[in-house]
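Residue numbers (this note's numbering), protein chains in the order written: chain A, 167 to 542; chain B, -3 to 389.
Simulated pairs of lysine to aspartate or glutamate, DMTMM-like, Cα-Cα distance not exceeding 20 Å:
{"hint": "1", "chain 1": "B", "residue 1": "Lys284", "chain 2": "A", "residue 2": "Asp183"}
{"hint": "2", "chain 1": "B", "residue 1": "Lys349", "chain 2": "B", "residue 2": "Glu190"}
{"hint": "3", "chain 1": "B", "residue 1": "Lys380", "chain 2": "B", "residue 2": "Asp118"}
{"hint": "4", "chain 1": "A", "residue 1": "Lys509", "chain 2": "A", "residue 2": "Asp206"}
{"hint": "5", "chain 1": "B", "residue 1": "Lys284", "chain 2": "A", "residue 2": "Glu179"}
{"hint": "6", "chain 1": "B", "residue 1": "Lys385", "chain 2": "B", "residue 2": "Asp118"}
{"hint": "7", "chain 1": "B", "residue 1": "Lys284", "chain 2": "A", "residue 2": "Asp177"}
{"hint": "8", "chain 1": "B", "residue 1": "Lys380", "chain 2": "B", "residue 2": "Asp160"}
{"hint": "9", "chain 1": "B", "residue 1": "Lys284", "chain 2": "A", "residue 2": "Asp174"}
{"hint": "10", "chain 1": "A", "residue 1": "Lys509", "chain 2": "A", "residue 2": "Glu487"}
{"hint": "11", "chain 1": "A", "residue 1": "Lys512", "chain 2": "A", "residue 2": "Glu522"}
{"hint": "12", "chain 1": "B", "residue 1": "Lys349", "chain 2": "B", "residue 2": "Glu314"}
Read the hints as simulated data drawn from the structure, not as lab findings.
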Amino acid sequence: MTTHAVPDLLDSEVVSDLRAAVRDLLADRCPVGAVTACYDGDRSLVAPLWRAVGVDLGLAGLLVDEDRGGHGASLREAAAVAEELAAAVAPVPFVTSAVVATTVLAHAGTPEADRLLADLAGGQVTASLVVPWTTAPEGRVPAVGARVAVRSVAGALEAHVLLVPTGAGDALELRAVPVGDGVTVEPVVSLDMTRQLADVTVDAAALAAAPVVATDARDALRAGLRAGTAVLAAEQVGLARRCLVDTVAYLQQRRQFGRVLGGFQALKHRLADVYVEVESMGAAAAFAVGTLADVDDDLEQALVTAVAAAACSDTAVRVAEEMVQLHAGLAMTWEHPAHLLLKRAKSDQLALGSPERHRAVVARLADLDPPGTRLG
Amino acid sequence: MSAAAELRERVAAFLAEHDPATTERLDLLRARYDAGLAWVHFPPGRGGLGLPRALQPVVEEAFAAVGAPDNAPHRNGIGLGMAAPTIVAFGTPEQQDRFLRPLWTGEETWCQLFSEPGAGSDLAALGTRAVLDGDTWVVDGQKVWTSGAHTARFAILVARTDPDVPKHRGLTYFLCDMTDPGVEVRPLRQLTGEAEFNEVFLTGVRIPDAHRLGEVGEGWRVATATLDHERVAIGAGSPARESGMVGRVAETWRAHPEARTPGLHDRLVRHWVDAEVARAAGLRLQQKLARGQLGPEGAAMKLVFARLAQQLSGLEVELLGDDGLRYSDWTLVRPDRVDFTGRDAGYRYLRAKGNSIEGGTSEILRNIVAERVLGLPGEPRVDKDVPWKEIPR
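Taking the hints into account, I'd like the entire structure generated from these sequences.
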């Protein structure tokens, strides 16, 4: 198996500064009460926060080339942003529009796609790839016919433009459908209302009228979903780190039996295990993100992305579940933010491919064949 | 010119003067030490150039590229990984002059006399006594789990110099000559059948005061620095994909299609992913070390390494079916190096049990992570302020 040069796994100064900027903005503009309100149907936080993140901080165009009005940043910067956004469970379409849709368009190679990228760069236009949010990068994109009906699409509610894959195989093409006549985006009551899903339909006329932004769109879709998967792993790191930090802080002040709970060895050891897992997943995500940024090798990219996704998906859930158990009764309340983290972590576990799907990719690429017909 | 390029030029200049093809191995190693190309992050005059540790691979690659002999680092892991950095940090100029060069060249190998039958995790409770007689310390006691004691020329030793003060305060750190007539080394046979470790009995061993490292009573502080190096040495590494235990198990899987079941496949792939994640974490730790951000993260890596090695080696025994029931050889042998991935699956399974015990048990490491990384309260220390001699034992 080829071993590539190890990508840089630590933050550059630019990335550290970017993190700090995002963190400051969220501390100011993303209060936990407003995030929780998303679950009661109050999404008034979403648009102004996305404007602040996407336009004011300019992060909508983070991955768009500079000559199209973006920042031309690498996936490392995008991963850092996703990590910070996740730590605040910020309900903004950064991953769906600024990473997945943007990367798809950047690989589409048509003038139509380039024009759309320039619109996305400024943050005035937001896009969403119309696939079920469980679609894995190395799998098959569900084909649609003349009329589109796709369940459980992420980022569609916030989108002005829907990127719709039609056809199949080398006839798979991608159309950019403006949200308007002939298009329905029906909100779904979602397990994670901070990344609320929608069921999308596009009628035949609207689809036929929409411009084709990619012909033979398979590679572009794979690139977009792969970048999204790696960035989602970073998002899961952000979630898990927040869970760990909050849980440690809580157990340092919560007293029972006349002692600080964090002094009980049974709990210390659990938190130590969580720390080790969070550090490990952080390295796995950084390895995937760094490889996608630096290493031009399709199989290597696919493998390290699947490794990060398999590891980070399960770990984020485990850490969020530990947060709930160690906060005990408090975590069962609507007021405490633990449930926001748990719901995002559990949804993220299925997003862009389940851990089992990713492990199957690992098995295939690492030459670890499953059992054949002869069983021992 | 970049620091790496300058260093490459320096190596090239050295090699121009000392052709590895015509120079005696030991002469070459000594000259390399004197040129500061042994460990570049060590100070000038001590085999180094005071450069960042990250530049060491530049030197290693340059020497390896011309086929120059190395200093057989696997034969002197304790010396290179633990004794040397401690001597550099705490040793007198005379001690550094005397010990570092032959240590690095491998002329003198080292072992570690820390653990005792009554002092394992609670190392600070150790009872080996050192009593000053004129300008010589007389040492009596028993040490255990000493790898390489039967070949080592010197040892790093911690002994109790004051039993009347609490345990952490009465310790002193020494450099012990293993050829002293009072040193007796006996093999300690372990569950694998072999004897990679030793018991060391110290009876009236005489150590000159000039071979004391650090102040009298400062032994705990010095030993702690050594142990941090040990955890880094054990925890870091494994650069290539499928190196180490996971590679052995993956090879076995590929070689035995008849043994495959869905349940074993699921476990294998999960462990393979875990191993790849651990590799990324180890590589990131190395990058942190290279930036000089040495923290207690080494403890975290060792926890992962131990668990993975045990899971993988256990899985491999199951994978092998009938062959998993066989064992290569129970004969008492004295291996000259530890090879966690050597011999057969049964050996690896048994040897891996030590991984969560040696160099700090996984339980102690979790305490370290919880207290030193996460800032949680320490364990109750009932013996903390009690004079050592009054602690029940």
